[in-house]
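Q: Okay, here's what each chain looks like letter by letter:
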Amino acid sequence: MEAQPRLVNAADRMELGLETSTLEGRNKVLGFWVFLGGECALFASLFATYLTLRGQTLNGPTAKELFHLPLVGVATLFLLTSSLTGVLGINAMHQGRRRSLLRWLGVTVLLGLAFLAVQVVEFITYVGEGFGFSTSAFSSAFYALVGFHGGHVAFGVIWISILMLQLKKSGITARKAPKVFIASLYWHFVDVVWVFIFTVVYLMGIMGI
Amino acid sequence: MSNMPTESQHARGQTEPSHGAVRTHVISFAIMIVLTVVAFVMVGAGMAPWIVVPVILALAVIQVGLQLYDFMHLNQRGHSFPAFFITSGALLGLIFIVVLVLWP
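Each protein sequence line maps, in turn, to chains H and G.
1 is the number of the first residue of the first sequence in our numbering; add one for each residue after it.
210 is the number of the first residue of the second sequence in our numbering; add one for each residue after it.
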């Protein structure tokens, strides 16, 4: 048995979810938002680098020649849907339904893996077309930004999978709920970053802007 | 956010199944998909970039707002600090972008 975590007052416990029912849980959620602030700064600098260097293709392929709308669309669909299944998982957790929570988290992980598979195929295709990491300043900036996002997705997949194993063992407890909640915050954040990537990198790239 | 009162009502009754929250999430998701499809179609149709670029950027911002306020629960009680924190960061970022774009 885990030690009983400290509870905050009962009114708040009812008002909010189980994830904020303890002081530890509240601090975890708050701290995680601060972490996400740091992540914003990190991705902002990668975006800035990309926007500065995207024109410097050094006789290599340009964004317009490389990107394919359908492939990006499929990847986007996978990630957007995984964001919905993630929040439905949190909803199941708020109702104390462990099996439902595990099912939604499982679907989220599978959709994350599907997204990664699309991205791997995409990168392999690009390399085949003579667009490697060091082909041009544009290619380096592109792989740094999009690859770093893909790395975040991979990390999220591993993280949520481990949480699923823990949930199977312990069930939904006041100690576990904040962990699941911040993992879902992370997952939605990764989706937020992707929204800007498909808009700024892919859609604007295809338009030749 | 106009759906704030209903959201907190649903969060209150934890034992009762919160179908209202599920409904809100599914509606948000449907809006996100529509916004994404609109952005892709505009680019696929080859419309003039000076129209498309501002529109798809605006669509992205709306979509991210939905993610933050609905999926990440910023619209619920007790999230005023994270909401303030993220919004002020976004505003600061916006100011930087505007200044750098307008820089001669």
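What the hints contain is simulated information worked out from the structure, not anything from laboratory work.
Heads up, a few of these hints could be off.
Below, a sample of chain H positions facing chain G; criterion: calculated Cβ distance under 10 Å [stated by the list, open to error]:
#1 L36
#2 L42
#3 L46
#4 L80
#5 S83
#6 G86
#7 V121
#8 I124
#9 F189
Now the stretches of chain G that chain H is said to cover, found in silico as 3 or more residues with beta-carbon under 8 Å [as the list claims (entries may be wrong)]:
#10 239-252
#11 261-274
#12 284-294
Keep in mind the model is a prediction, meaning the values are calculated, not measured.
The beta-carbon is built from N, C-alpha and C at its ideal position, and this holds for glycine as well.
Q: For every hint, state whether the structure bears it out.
A: Right, here's what the structure says about each hint:
Checking L36(H) against chain G by beta carbon gives a least distance of about 7 Å; that is within 10 Å, so the hint holds. Hint on L42(H) is violated. Least Cβ distance to chain G is approximately 12 Å, over the 10 Å limit. For L46(H), the shortest C-beta to C-beta distance to chain G is roughly 13 Å, which exceeds 10 Å, and the interface hint is violated. This hint holds: L80(H) has a C-beta 6 Å from the nearest C-beta of chain G, less than the 10 Å allowed.
Because the beta carbon of S83(H) sits about 6 Å from the nearest beta carbon in chain G, less than 10 Å, this interface hint is met. At a threshold of 10 Å, the smallest CB-CB gap from G86(H) to chain G is about 7 Å, leaving the interface hint in force. With a cut of 10 Å, the hint placing V121(H) at the interface with chain G is violated, because the nearest CB-to-CB distance is about 19 Å. Hint status for I124(H) relative to chain G: violated, with the closest Cβ pair at about 23 Å, above 10 Å.
The criterion of a C-beta within 10 Å of any C-beta in chain G is met by F189(H), whose closest approach is roughly 8 Å, and the hint holds. Counting residues of the segment 239-252 of chain G whose beta carbon lies closer than 8 Å to any beta carbon of chain H gives 6, which meets the minimum of three for the stated coverage. Here the segment 261-274 of chain G counts 8 residues with a CB under 8 Å from a CB of chain H, which clears the bar of 3, and the coverage holds. Requiring three or more residues with a Cβ within less than 8 Å of a Cβ of chain H, the coverage given for the segment 284-294 of chain G holds, as 6 such residues are present.
Of the numbered hints given earlier, the model fails hints 2, 3, 7 and 8; all others are met.
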